[in-house]
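In order, the protein sequences belong to chains L and P.
Every number in our numbering is 13 more than the matching position in the first sequence, counting from 1.
Every number in our numbering is 6 more than the matching position in the second sequence, counting from 1.
Simulated from the structure, these hints should not be mistaken for lab results.
Remember, it's a predicted structure, so these values are computed and weren't measured experimentally.
There's no promise every hint is true.
What the hints assert, rightly or not - If you want the footprint, here are the derived chain L segments under chain P, 3+ residues with CB under 8 Å: (1) 24-36; (2) 216-224.
As the list claims (entries may be wrong) - Sample of chain L residues lacking proximity to chain P, with all beta carbon distances greater than 12 Å (derived): (3) 133; (4) 423; (5) 451.
Beta carbons are placed, not taken as given, at the ideal position from N, Cα and C, and that holds for glycine.
One-letter residues, chain by chain:
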Amino acid sequence: MNDQHDFERIVAESVRSIGPVAPSDGAHDLTLDRVRRSRQQPEWLALIKEPPMRTNEHLAVGSPTVRRMAILAATLVLAIALAAAGAGAKQLLAADSTIVVAQDGSGDYTTITQALEAAESGRDIDEILIRPGTYIEALFIDRDITLKGDGERDEIIITAPEGGPRSDTHFSWLGEKPYAIVLEATEGSIENLTFRGTDSRLFLDDGAPMIDGVMFDGVGEPAVPGIARAQAIIFTGRSKGTVQDSVFRGGGGINVFAAAAPVIERNQLDAGTVIYGDYADGTIIRENTFTGPGAFSIRFGEPAEVLVKSNEIRGREYGIDTVNGLGSATIEGNTISGATTAISADGSTGQVIDNAISDSVVGISWSGEGGVIADNTIRDGATGIIVGAGTVTVQGNTVEGAENTGMLVYATATAELSGNTLCGNTVDIEIVDGADVSDDGSNVACDDVTE
Amino acid sequence: MDRELVLRARKGDVEAFDQLARAAFPRLKGVAYLVLRDADRAEDAVQDGLLAAWKGLRALREPDAWDAWLRRLVIRYCYRLAKREQRRNEVELEATPSLTGTGSLLEAAVVADREWILDELARIDVEKRAVIVLHYYLDLPLREVAEILDIPYGTAASRLHRGLELMRGSMHRSLAPDGITSQEQQA
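Isolated chain L, as found in the complex (with noise of 0.2 Å):
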C-alpha cells in the first residue's frame, strides 16, 4: 500500500520539480506583437467561437451552458426551417453527448437501458442525465460514460428487478449475487443516484469508475461477525475505482475482493454497514465515518497492503480489523471510540500510529511480526494495549484510565517498550511470565512524571 502512497507523492514532488519556466529572450516581445496586430471579436462572436469555460457560481459567457443555449437556438432556428421544408429535425437536436431519462417522457428516453441502448448504438454519449423517479433495471455498462441524478438524489431511485441477472463475485465464497449496475472494465462515472433494496447491488469489475455522493439505502446484507456477506457495492477483478461521499444506510456497505485496490473516502457507513476485504493489496480507505452499532467496521483478511487513515468509527464492536493479515496495513490517525476491541491487527507486519482511541474495551490487540505501535493515545478502557504474540515495538503511546492494564505482554510475544506514557492505569504494564522484553527506561507513568 505505501507502494502506491509513495509513488503518487513521487510524481507529484517530480512534476512540481520543474517550477515555472522562464520564457526565452523575446517571447514576451513576440507574443505582445501578436497582440497588438490581432483585434479582439466582438462579444457575440466569441460568444459562438471562443473557448467554453464553466465557474462554480457564474454562468459566464462561453460557459458550456450558454454556448449550449446559443447552439441550440441557432439549431431551433435551422431545425424550424428544415421541419418547414419537411426535414427531420430531430436527429439535429440530438446531437449534444449528454442525453435525458425521464420517467415522465420529458426527456430523450424513459428508461436508462434505453438510453444505454443509444449509446451502444453508436451515438456518442458520455453523460446520461436521471431525473427523478423509480428506475427498476438492472443495467450491464462496459463504456465510459457517466450515470448521474438530476434532481433530489433521494428521488431518483435505482432498484434491482426482482428475479433479475445475476454477476459473480469473482474469488470470494459468495458466489453470484443480484444487481442493479455492473461497471465492467470502465471509467466511467455514477453520481446523485439512490440504489434501493436488497439486492440493487453496484459491482465494479476491473476498470477505474468513480462513484460519488450516491445513497444505498438498504443495500445489500449487513455483515455478521466472521461473515463478510455480499455488501452494497462489491469490488472484483483488479478495480481501481473510487467510491466517494457517498452514504451507506440499513443494508450492507463495500466489499473488496480479487485483487481490487480501490480508493474509499469520505464516506458516510451508518448501522451494520462495512468495508470488507481479502486479498485487495493497495485499497485505500480514509475519513469515512462509522457509525454503531454493528460487528465490525473496517476488517482486511489474508495477505493485505492496505491504508487505513483518519477514518472515526463510533459504536462498533470491532474498529479496524485485519485478519491472516501477512501484508502490512497502515492503521493511521483514526478516531476510534465505544468499541468492544478498537484496533485488531492479527499477523499484520504493518504499524498502528497515532490512533485516538477511548471508551473501548482493548484499545490495539497486535499479535503480528516485526511491526510497530506509536505514537496512540488510548483513554478509558479496560485494556490499553495487548501484544498477545509475534513481535512489536511499542512506542511513545499513552494509555491513560485503563481499568485493568495499560499495557499487557503475552508469554508469546517479544516487545520493544520505549518511550511510552501511563497514567491512572490499575496496572501500567504487565508482563506474562515467558515474555520477551525490553524496556529502555524510556517509560514513563504519570507518578514518575516531575513538572
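Model the placement of chain P on the given structure of chain L, informed by the hints.
Here is chain P on its own, set in the frame of chain L:
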C-alpha cells in the same frame, strides 16, 4: 491575478494584457512543458493560448475566472500540438496488473529519479497527462481540473488514477529482470 487588469484588458488595454501575460507565462509554460515535454512547443502553446485569450477576452464575463480560462486555452493548444505529433501520443502503456509484494514500488521509489518519472509521464496519452499535470503541478483540486478540461469529475478522477497506474506499471516492468514482473515470474 489582478481583477482590474482583466477588466482593463477586456476593454482593449494592451498594457494591462501584457502584465497579465507576463505574470502567467512561466507557470503556463511549466504546464505546457510537462504536457508536451518540449520547451519550444510549450512556448508555442502558451503564445497561442495567450493570443486566443486576447482575441476572446470579451467573452469572459467573470474576471475571476481568468486563470482557469487561460489554463484551459493553453491546454487546448497543447492538445492540438500533441495530437499533431501522433508518434508520441499513440503510445499507450500496458498497465501491470497488480503491484503486490513488498519492495516492488518501494524499490521504484528509491530508484526513481525525476527525469525517469517525467519520461514516463510523457509516454502516457495527453488526456491523462494533462490531468496529472494540472492536479500535481498546479495543485488544483480534481473538480477544478475537470472544469478546466470540460470533462466530468469522474472522468478526471479515473484519468488520474489510470495515468498513475500506467506509469507505475511501466516503471515496475523496467525494474524487473528482462522486463518481467515478479508476479509474472511467479505465474
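Hint by hint, here is what the structure shows:
Only when three residues or more bring their CB closer than 8 Å to a CB of chain P does the claim for the stretch 24-36 of chain L stand; here the count is 13, and the claim holds. Restraint check on the stretch 216-224 of chain L versus chain P: 4 residues with Cβ-Cβ distances below 8 Å, three needed, restraint holds. Every CB of chain P is more than 12 Å from the CB of residue 133 of chain L (nearest about 19 Å), matching its label as outside the interface. Here residue 423 of chain L stays apart from chain P, with its beta-carbon at least about 27 Å from theirs, past the 12 Å limit.
For residue 451 of chain L, the condition that its CB be more than 12 Å from all CB atoms of chain P holds, with the nearest at approximately 25 Å.
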